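> So you can see what is in the structure, the chains are spelled out below.
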Amino acid sequence: MVNIKELSQIPERLTGGHRLCGGCGATIAVRQILMGTKNPVVVGSATGCLEVSTTIYPYSAWKVPFIHNAFENSASNMSGVETAYKAMKKKGKIKEDIKFLAFGGDGGTYDIGLQALSGMLERGHNILYVCYNNEAYMNTSVQRSGATPFGADTTTSPAGKVKSGKDRIRKDLTSIVAAHHVPYAAQATISNWKDLVTKAEKAFATEGPTFINVLAPCFRGWRYPAEKTVEMSKLAVETGYWPLIEVENGIWRFTYKPSVRKPIADFLKPQRRFEHLFQDKNKHLLDKIQEQTDEHWAYLERLTSISCAGEKPAV
Amino acid sequence: MTKILPLTGDHAAAESMRQINPDVVAAYPITPQTEIVMSFSQMAANGLVDTELIPVESEHSAMSACVGSSAAGARTMTATSSQGLALMWEILYVASGLRLPIVMHTVNRALSAPINIHGDHSDGMGARDSGWIQIYCENGQEVYEMGLMAIRLAEHSDILLPVMVCQDGFITSHAIEGVSILEDADVKKYVGSYVPKDPLLDISHPVTYGPIDLQDYYFEHRYQQAEAMRTAKKKLPEIFAEFNKFSGKKYDFIEKYKMDDAEVAVLALSSTCGTTRYVVDEMREKGIKVGMIKLTVFRPFPMEEIAAACKNLKALAVLDRADSCAAQGGPVFNDVCTANYTLLDKKIPTLNYIYGLGGRDIDEAQIRNIINETVEAAKTGKVKKLINYSGVRI
Numbered sequence: 421m422v423n424i425k426e427l428s429q430i431p432e433r434l435t436g437g438h439r440l441c442g443g444c445g446a447t448i449a450v451r452q453i454l455m456g457t458k459n460p461v462v463v464g465s466a467t468g469c470l471e472v473s474t475t476i477y478p479y480s481a482w483k484v485p486f487i488h489n490a491f492e493n494s495a496s497n498m499s500g501v502e503t504a505y506k507a508m509k510k511k512g513k514i515k516e517d518i519k520f521l522a523f524g525g526d527g528g529t530y531d532i533g534l535q536a537l538s539g540m541l542e543r544g545h546n547i548l549y550v551c552y553n554n555e556a557y558m559n560t561s562v563q564r565s566g567a568t569p570f571g572a573d574t575t576t577s578p579a580g581k582v583k584s585g586k587d588r589i590r591k592d593l594t595s596i597v598a599a600h601h602v603p604y605a606a607q608a609t610i611s612n613w614k615d616l617v618t619k620a621e622k623a624f625a626t627e628g629p630t631f632i633n634v635l636a637p638c639f640r641g642w643r644y645p646a647e648k649t650v651e652m653s654k655l656a657v658e659t660g661y662w663p664l665i666e667v668e669n670g671i672w673r674f675t676y677k678p679s680v681r682k683p684i685a686d687f688l689k690p691q692r693r694f695e696h697l698f699q700d701k702n703k704h705l706l707d708k709i710q711e712q713t714d715e716h717w718a719y720l721e722r723l724t725s726i727s728c729a730g731e732k733p734a735v
Numbered sequence: 066m067t068k069i070l071p072l073t074g075d076h077a078a079a080e081s082m083r084q085i086n087p088d089v090v091a092a093y094p095i096t097p098q099t100e101i102v103m104s105f106s107q108m109a110a111n112g113l114v115d116t117e118l119i120p121v122e123s124e125h126s127a128m129s130a131c132v133g134s135s136a137a138g139a140r141t142m143t144a145t146s147s148q149g150l151a152l153m154w155e156i157l158y159v160a161s162g163l164r165l166p167i168v169m170h171t172v173n174r175a176l177s178a179p180i181n182i183h184g185d186h187s188d189g190m191g192a193r194d195s196g197w198i199q200i201y202c203e204n205g206q207e208v209y210e211m212g213l214m215a216i217r218l219a220e221h222s223d224i225l226l227p228v229m230v231c232q233d234g235f236i237t238s239h240a241i242e243g244v245s246i247l248e249d250a251d252v253k254k255y256v257g258s259y260v261p262k263d264p265l266l267d268i269s270h271p272v273t274y275g276p277i278d279l280q281d282y283y284f285e286h287r288y289q290q291a292e293a294m295r296t297a298k299k300k301l302p303e304i305f306a307e308f309n310k311f312s313g314k315k316y317d318f319i320e321k322y323k324m325d326d327a328e329v330a331v332l333a334l335s336s337t338c339g340t341t342r343y344v345v346d347e348m349r350e351k352g353i354k355v356g357m358i359k360l361t362v363f364r365p366f367p368m369e370e371i372a373a374a375c376k377n378l379k380a381l382a383v384l385d386r387a388d389s390c391a392a393q394g395g396p397v398f399n400d401v402c403t404a405n406y407t408l409l410d411k412k413i414p415t416l417n418y419i420y421g422l423g424g425r426d427i428d429e430a431q432i433r434n435i436i437n438e439t440v441e442a443a444k445t446g447k448v449k450k451l452i453n454y455s456g457v458r459i
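Just so you know, the protein sequences line up as chains H and G, in that order.
In terms of the numbering used here, the first sequence opens at residue 421 and continues consecutively.
In terms of the numbering used here, the second sequence opens at residue 66 and continues consecutively.
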C-alpha cells in the first residue's frame with residue numbers, strides 16, 4: 421500500500437513546463453500511474469492532448485524514453501517496442517528490467533484504437549495500457565466518442581431544439597478488456613490517488629497485459645471551473661458514475677464503495693455539458709441516467725458477488 | 066560455395082529472412098504474401114531463427130509494431146501485399162518520417178474494388194511517395210538477393226530509410242525456380258550486426274520519438290528525409306558494387322538489355338522483363354534494333370541512368386502494370402518522361418502501355434505488338450496514341 425510521503429519522494433518522470441492545461445486530469449493520471457513502478461519505464465502514447473502537449477519539438481517533457489506513432493496504434497506500437505526488448509534481452513544486449521506503458525485517450529482506446537488494444541491483450545504482451553478517459557475527443561474540440569456518456573452535449577452530439585445530446589450509452593470498455601481474460605484490469609480515477617497508484621503498482625508487477633481505465637476529467641470539455649477537476653473525479657466515484665473496480669485473474673471486486681451512493685445529478689449538475697438535462701422537459705432523461713447508473717452498479721454487484729463466492733464470472 | 070534450391074518467390078524472400086535472422090518480424094497474412102509469413106513462422110518454430118514474431122491482428126498493427134520495434138533498436142522486417150499495404154498506408158509515412166530502417170517484402174497485387182488477388186503494381190505504385198526505397202524484382206533470385214542488400218541499404222548510416230523489396234504476386238511469388246543461395250556464414254558477415262542510432266531502449270539516454278513538429282521544424286525534417294533519398298541514390302552504386310563483388314552479380318539501378326545499338330526500346334519492371342527479353346531476342350533475329358530497359362530501383366528514381374540509356378533511341382515504350390487514373394498515363398511513364406524531357410536535348414516519341422491489371426497475362430504477342438507500334442513511332446517520329454491499353458477488351 422502506498423503512502424503520500426513515499427510518493428512525494430519519487431522523482432517526476434513527466435516534468436512540469438509541458439503545455440497541458442492547468443487543471444488537466446490527464447496529467448494527474450499520468451503522474452500517478454508513473455508512481456506505480458520504480459523500474460525503468462518506456463512510455464508510448466497515441467496522438468492526442470497528452471502527446472501534442474508534452475512533445476512540442478524541440479522540447480520534450482519526458483525524462484523517460486517516449487514514443488508516439490499515430491492515433492489508433494498505441495497498443496500495437498508498444499507491442500513492437502516490448503517485443504524488441506524481449507528479442508534483445510534474450511540476446512543479452514539489454515540488462516535492465518524495463519516496464520512498458522502505453523497511453524491512449526478514450527478516442528484512441530474505445531474507438532479508433534480498440535482493435536490494436538484487443539490484439540495487444542490477446543497476444544499477451546507485457547505492457548500496461550492506460551486509457552486516460554475524458555469522455556470525448558477533447559484534443560479536437562469535444563467531439564463525441566464511444567466513451568461519451570448518454571445525454572452529454574458534445575460538438576458532434578450537440579443538444580439542440582430537438583435533440584438532447586448523445587443518445588447512446590457509453591461502451592463498457594473495462595468489461596470488454598476483462599473478456600480477454602487478462603491477468604489484471606481496473607477502473608480508477610485521480611481523486612482516489614491511493615487506489616489509483618496501488619492499481620498501477622499491481623499492474624506493473626503483473627506479468628502479461630494489464631489495463632487501467634482512468635477517468636480523467638477535462639474542464640474544457642465537461643465545462644466546469646478548471647480548479648474543480650479533482651472534485652469532479654470524486655463526485656464520479658461517490659455517485660457510482662465511475663465505480664472503482666478491479667478484475668484480477670478473473671475475480672471482480674470493488675476496491676472502494678461509497679457508503680451511500682449520491683444521486684447522479686450531483687455529478688451532472690456542475691458540468692455544463694449536461695446543463696440541458698436540468699430543463700424541466702428533460703427530467704425523464706435525468707431519471708434515465710440514474711436508472712442506467714443503478715443498473716450498471718447492480719451488474720457489477722452481481723459480478724463481484726459471484727467472484728466473492730470463488731467463481732469466475734462468465735464474461 | 067552457393068547452392069541452388071527450388072524456391073518460389075515467397076520462399077526466396079523467407080530464405081533471405083532466415084539468413085538475416087532479424088530481431089523482430091511483425092506480419093499479418095494476405096494472399097499472395099502468406100507463404101512468406103507461413104514459411105518464416107515455421108523456421109522460427111523449428112529454431113532456425115531466433116527472431117521474435119508478432120502475429121498482429123492487422124497490417125496496420127504490423128507496420129505500427131515494426132515502427133515500435135525498429136525505434137526500440139531491433140532489426141525489424143515484415144511482408145505484405147495489396148489491401149495489406151493499403152491498410153499500412155498511414156504508418157508507411159511514420160516509418161520513413163522517423164527514419165526507421167525497416168525492410169518489407171511486398172508481393173505486388175491488385176487493389177480492390179473489384180477484389181482481385183493477382184499480380185499488378187497498383188499497391189506498390191500507390192506507395193511511391195511514402196518515402197520508402199522501392200526495388201522491383203524480376204524473379205525469385207532477385208527477391209532473395211535484394212532482400213539481403215535491402216538490409217545494408219536501409220541501415221546505412223547516411224540513409225536510414227525503410228526499403229520495400231517488391232515481387233509480382235503469383236507470377237513470381239508462387240512459381241518455383243532454381244534460386245542460388247549464398248552460404249549462411251557469408252550472409253551473416255555481409256549483413257553484419259545492426260547498430261541502432263539513438264534506440265528507445267537505451268534507458269540511460271532517454272529520447273523522444275515522434276514529437277509534434279510544427280511550422281518551425283517540420284519542413285526541415287521533410288527536407289532531410291528527401292535528402293536521405295537523394296543520398297540513397299548516391300550511395301546505391303557502392304552498395305551494388307559491394308554486393309556484386311561478394312556475389313558475382315551485376316546489380317544496378319537499371320539493366321540495359323541489347324541497348325548498345327538499339328533504336329527502340331521497351332522499359333518495364335519486374336517479371337514482365339523476362340518475357341520482354343525473349344521477344345527482344347526474337348525481333349533482333351528479324352533485324353529490328355530493339356532493346357529493353359529493366360527498371361529495378363524505382364525509388365530513388367534513377368533519372369540520369371534512364372536518360373542516358375534512352376539518349377540514342379528513336380522511340381520508347383513504357384510499360385505500366387498500374388494505372389494512376391490521372392488521365393495522363395501510368396506512374397512509370399510519367400517519371401520516365403520527366404527524366405528524358407529534363408535531361409535530354411531531343412524529344413523521344415514515347416508511348417505508354419498499361420497492361421496486366423489484376424494479373425491479366427502479358428504474352429509475347431502483346432509485347433511484339435508494342436514493339437511494332439514503337440518501331441512505327443520511330444519511323445514517323447510521331448506518337449499515334451499516347452496512352453495505350455494492352456490486353457484489355459475495350
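It should be emphasised that the hints constitute simulated quantities derived from the structure, not laboratory data.
Because the structure is a prediction, the values reported are computed rather than measured.
We treat Cβ as the ideally placed atom computed from N, Cα and C, and that holds for glycine.
There may be inaccurate statements among the hints.
Said to hold, decoys possible - Short derived list, chain G residues pointing at chain H, Cβ under 10 Å:
#, residue
1, 88
2, 136
3, 156
4, 159
5, 163
6, 250
7, 277
8, 278
9, 283
10, 308
11, 423
As the list claims (entries may be wrong) - Here chain H is said to cover these stretches of chain G; the calculated rule only asks that three of the stretch's residues, wherever they fall, bring their Cβ under 8 Å from a Cβ of chain H:
#, region
12, 201-211
13, 385-396
> The structure should be examined with respect to each hint, and the outcome stated for every one.
A quick look at each hint next to the structure:
1. 88: Holds. Min distance 4 Å.
2. 136: holds, 6 Å
3. 156: holds, 6 Å
4. 159: holds, 6 Å
5. 163: Hint holds; residue 163 of chain G Cβ to chain H Cβ min 8 Å, cut 10 Å.
6. 250: violated, 18 Å
7. 277: holds, 5 Å
8. 278: holds, 5 Å
9. 283: holds, 8 Å
10. 308: Since chain H brings no Cβ nearer than about 26 Å to residue 308 of chain G, farther than 10 Å, the hint is violated.
11. 423: Since chain H brings no Cβ nearer than about 29 Å to residue 423 of chain G, farther than 10 Å, the hint is violated.
12. 201-211: Coverage by chain H is violated for the region 201-211 of chain G (0 residues, Cβ < 8 Å).
13. 385-396: violated (count 0)
Violated hints, listed in ascending order, are 6, 10, 11, 12 and 13; each of the other numbered hints is respected by the structure.
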